[in-house]
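Trainee: I would like the entire structure built from these sequences, with the hints used as guidance.
When the letters of the sequence shown are read in order and numbered with numbering that gives the first Met the number 0, they come out as residues 0 to 260.
Because the hints were derived from the structure by calculation, they are not lab data.
Please read all numbers here as calculations on a predicted model, not as lab measurements.
Any given hint could turn out to be false.
Stated by the list, open to error - The following label-pair restraints were derived from C-beta to C-beta distances: (1) 81 with 17: 19 to 29 Å; (2) 5 with 79: 47 to 57 Å; (3) 54 with 172: 37 to 47 Å; (4) 164 with 79: 36 to 46 Å.
As the list claims (entries may be wrong) - Derived pair list, reagent style EDC-like, types lysine to aspartate or glutamate, alpha-carbon separation capped at 20 Å: (5) 190 with 159; (6) 48 with 91; (7) 48 with 89.
Glycine included, C-beta positions come from ideal geometry on N, C-alpha and C.
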Amino acid sequence: MSGALSRPPLIGITAGNDPRFPGHYLLRWDYIYGVNEAGGIPVILAPGKASRFPTYSENFAGLIFSGGYDLTPRIYGQEAHPSLSHTSWERDEFEMTLMRSALLRGVPILGICRGMQVLNVALGGTLVQDLPNTPRNGVLHDDPKRPRDVLAHEVAIHSDSRLCQITGRSRMAVNSFHHQAVDRIGEGLRKVAFAADGVVEALEMPGSSFAVGVQWHPETFWDQGAPFLNFFQALVHAAQEFQENLPERKRTPDRGRLAGT
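Mentor: Have a look at this one:
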């Protein structure tokens, strides 16, 4: 996106927590720089008081749901798999409430890794709790020894998707460090990218609202331009339009598809 925005939109970015750092919320600075470079104003979001969760989305023109640890399986009706990593009910409850309220208002959303899974589960989807730890069709989704900035495998992107419009590509190489994946798709979502082993790598909500989730981490490469910076540019552009059209925007789409509402 070229040129300065007349009134840069506020982009909320969810922060995570880590058992190694009790009492702290954490967020990689790549998210901040990506939003800055795209022309938005990044604001770090932490849970806080539960009674305030539903009102958070009213303050932002766009939201990024960041990566992090596993979702609590009972949110999508399953028992925990033995391989489950650290979970945080506080973060899960916050992000589920924030996601659903944002979807109801039509706030532009970008879900990254865990954030894509939050998008899916918020709309009634489920997750594969543990992917095989050996390569399938040359793809290994999670290798603890692999650096964040290594492009691990390719994904195939549907040519008629918003994702294809964002990236300008039908195939692209991505980084990968996730041991969980989308299983049943949430209501109203569409699968738009796949790894060679069939794992869903991206979801989006068709229609006018901007709601896109990717299983990889484009923020890692924000300073390398296209196609990774494109995600932040597309979100900020959608947030700018949302901000400008807010008085006329329909705020209450079909609530039936939002699980738990």
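Trainee: None of the hints should be skipped; say for each whether it holds.
Mentor: Hints, verified against the model:
Take residue 81 and residue 17: their Cβ atoms lie about 21 Å apart, and the range 19 to 29 Å holds. Taking the beta carbon of each, residue 5 and residue 79 are about 48 Å apart, inside 47 to 57 Å as hinted. Checked against the hint of 37 to 47 Å, the C-beta distance between residue 54 and residue 172 comes to roughly 40 Å, which is consistent with it. In this structure the hint that residue 164 and residue 79 lie 36 to 46 Å apart at CB holds, the actual value being about 38 Å.
At roughly 12 Å between alpha-carbon atoms, residue 190 and residue 159 fall within 20 Å of each other, so this suggested pair holds. Pair hint residue 48 plus residue 91 holds up; C-alpha atoms about 13 Å apart against a cutoff of 20 Å. Under the criterion of a C-alpha separation no larger than 20 Å, the hint pairing residue 48 with residue 89 is consistent with the structure, at around 10 Å.
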